[in-house]
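Chemist: The chain contents come next:
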Amino acid sequence: MKPVALLVLTAALLVPRPGPAQTTLTGAGATFPNIIYQDWILTYNKAHPDVRLNYQSIGSGGGIRQFSDGTVDFGASDAPMTDSAIAAIGGNVLHIPTVLGGDVATYNLPGVTATLRFTPDLLADIFLGRVTKWSDARVAAVNPGVRLPDQDIVVVHRSDGSGTTFIWTDYLSKVSPEWAQRVGRGTSVNWPVGLGGKGNEGVTALVKQTPGALGYVELGYALANGLPAASIRNKAGTFVAPTLESITAAAASAMRAMGPNTDFRVSITDPEGARAYPIASFTWLLLHRQYRDAEKARALVAFVWWAVTDGQARAGPLGYAPLPRELRPWIEAQLKAITADGKPVWPTAAR
Amino acid sequence: MTALPLEPLPVAPEAALPPAPRWRGLREVNAGDRLYRAALTGVALLLPALLAALAGGLLASAWPALRRFGPRFLWTSVWDPVAGVFGAAPMIVGTLASSLLALVLAVPLALGVAIFLAEFAPRWLRQPVAFLVELLAAIPSVVYGLWGVFVLIPLLRSYAVPPLRAALGWTPFVQGAFYGSSLLAGAIILAVMIVPYIAAVSREVLLAVPPSQREAAVALGATRWEAVWTAVIPYGRAGLIGATILGLGRALGETMAVTMVIGNRHDIGWSLLQPAYTMAAAIANEFSEATTNLHLSALFEVGLVLFVITLAVNAFARLLIWRVARGTAAGSRAL
Chain A
1 MKPVALLVLT AALLVPRPGP AQTTLTGAGA TFPNIIYQDW ILTYNKAHPD VRLNYQSIGS
61 GGGIRQFSDG TVDFGASDAP MTDSAIAAIG GNVLHIPTVL GGDVATYNLP GVTATLRFTP
121 DLLADIFLGR VTKWSDARVA AVNPGVRLPD QDIVVVHRSD GSGTTFIWTD YLSKVSPEWA
181 QRVGRGTSVN WPVGLGGKGN EGVTALVKQT PGALGYVELG YALANGLPAA SIRNKAGTFV
241 APTLESITAA AASAMRAMGP NTDFRVSITD PEGARAYPIA SFTWLLLHRQ YRDAEKARAL
301 VAFVWWAVTD GQARAGPLGY APLPRELRPW IEAQLKAITA DGKPVWPTAA R
Chain B
1 MTALPLEPLP VAPEAALPPA PRWRGLREVN AGDRLYRAAL TGVALLLPAL LAALAGGLLA
61 SAWPALRRFG PRFLWTSVWD PVAGVFGAAP MIVGTLASSL LALVLAVPLA LGVAIFLAEF
121 APRWLRQPVA FLVELLAAIP SVVYGLWGVF VLIPLLRSYA VPPLRAALGW TPFVQGAFYG
181 SSLLAGAIIL AVMIVPYIAA VSREVLLAVP PSQREAAVAL GATRWEAVWT AVIPYGRAGL
241 IGATILGLGR ALGETMAVTM VIGNRHDIGW SLLQPAYTMA AAIANEFSEA TTNLHLSALF
301 EVGLVLFVIT LAVNAFARLL IWRVARGTAA GSRAL
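Protein sequences appear in the order of chains A and B.
Residue 133 in the numbering used here is what sits at position 133 of the first sequence, and the numbering runs on without skipping anything.
Residue 124 in the numbering used here is what sits at position 124 of the second sequence, and the numbering runs on without skipping anything.
Heads up, some of the hints might be wrong.
The calculated label-pair distances, taken between Cβ atoms and stated as ranges, are [as the list claims (entries may be wrong)]:
1) Gly226(A) with Leu47(B): 50 to 60 Å
2) Pro49(A) with Thr41(B): 53 to 63 Å
3) Leu109(B) with Leu14(A): 57 to 67 Å
4) Ile268(B) with Pro49(A): 50 to 60 Å
5) Gly91(A) with Phe316(B): 49 to 59 Å
6) Ala167(B) with Glu245(A): 31 to 41 Å
7) Leu109(B) with Lys46(A): 36 to 46 Å
8) Phe173(B) with Pro149(A): 39 to 49 Å
9) Lys46(A) with Gly176(B): 26 to 36 Å
10) Ala224(A) with Leu51(B): 37 to 47 Å
11) Trp124(B) with Gln56(A): 45 to 55 Å
12) Ser77(B) with Asn225(A): 19 to 29 Å
13) Phe264(A) with Ser77(B): 35 to 45 Å
Hints in this document: simulated from the structure, not taken from any laboratory.
Ideal Cβ positions, reconstructed from N, Cα and C, are used throughout, including at glycine.
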């Protein structure tokens, strides 16, 4: 009799007690904003324990695929979806920018302590393999007073596909017609010259280990690791150093070209604006225009709105540039378009 | 010969023994046996089925790229995801070159270690050295990569490449600037990684050679080294070739350590000092962010090519072992 009683008691204790109704949202995609997204998810869950979010950083390509297949509720990408990809899902996607990132040109020149400066065409020609030595006259012309060694420029790029490469090649395509025609823009391109490193870490390791190297890494990465960062001349003619402020300024300047009905599928590299850093970009969350589950859609919209408003304060300390405040009404307009079962989700989500 | 006046020993008549069981007759004895046999057959067929499923899956996913590029894929060098043009020649050449060069570097070293441990080492030294060599096999691939980037490449740049250039600079193999990440660094890392596999198996093979072979050689006047070289090694050559092929198989598929030191450049060249690419490294690098279906399909096709090459190498190894082992008594047992 006793063992039976024990068994019944244990079973009773193990029966799950009914708790508050939980909404679970899953997302997948870009690796670049993974750190801030995980931080947002953790913070949001503390304030709203009934909403559980899960984000897997499997890469932009995987994110777009899973979002299109409907495996996840939202996707994330460092590059906007192409027209054909959008047509494949019947236009059922919204691009919501969340934070800004930028690429930093980092280098390894033993004996040179000054911050180097580059012009757009010089950067393009270095990456095309036309300028091969640090002692080249064009490099010296832009860096007066800096004693440059007679060393080969060892170009270092990413061997894996990434949004960082997309931003870099997008910028070079805009400032160099030869680059646009020969190489183009993409998360993975046919590099004319250079060694390939895997991930930001790989590029950093190669640059640090190779005297004379010049590579590009994500801004947050460069800030966290104290890497030397070159100043780049922007469209207005000013040499701008990559900082969180200069990248936010890039988005603010690009707003003039966007307009309030923008779908945010814009590139903000090489913008106008005196203080704008030229190699910056949004990273986007991909949401459906029409959802089937109203509860999930409401929770998702509430989270995204929190992320682009209150959540922006958490971006800076983690190395991401926050969105300019002027963007909020435009994002709100986009979020209002989301419906579930034909009914807009927005009014009930805003708190 | 005189016949001994003894009674013939009593021998049990054949009829007293029960008839020898016929194995075939036992096949249908009971349901339990039939079930057992069926279960074992199922499990045994599972592995070839898995292999076929893998090949089928690769083929199905690679089909768009196969149809688009055809056999051109194997000999064109352009890998352009933006334009949608893919050619795997640099990767194929890089994989084969790095693996074969690694083999050339590793086999003498590994065989030397195996011979030392099996024949010449003092008894107290054998276990520790064998343990250390096998420990090399336990080190994760990424750690090798890190060591390659931070230790090997600076060493090569400062101490190995200048004398190499001085000695062999006139050959096409040592040309061009050395930036660290190169085919040479990749091959050296692979060599270090496959030495323990070849050494461990070779040592077992050499230890399995019967002492009579050595004794016979020594009896004919051979020195210790001559005995090893003429009697022991030829006896175990089937197993030694098998060990080498094991190492080659590992080298062909190695991904992480290679991608960190080989430079990841889609280029074919004669020089060992220039960066290169391997198939496994390319797949690992580009798979997760491949956005277009054609890019993904091309990567699957690279995987299919690697699969076929590995199968071909293993089939060739089997053939080689069979032919080499035909002459030795150990031939049938070495397999």
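Chemist: Quick check: which numbered hints come out false for this structure?
Modeler: 6, 7, 8, 9 and 12
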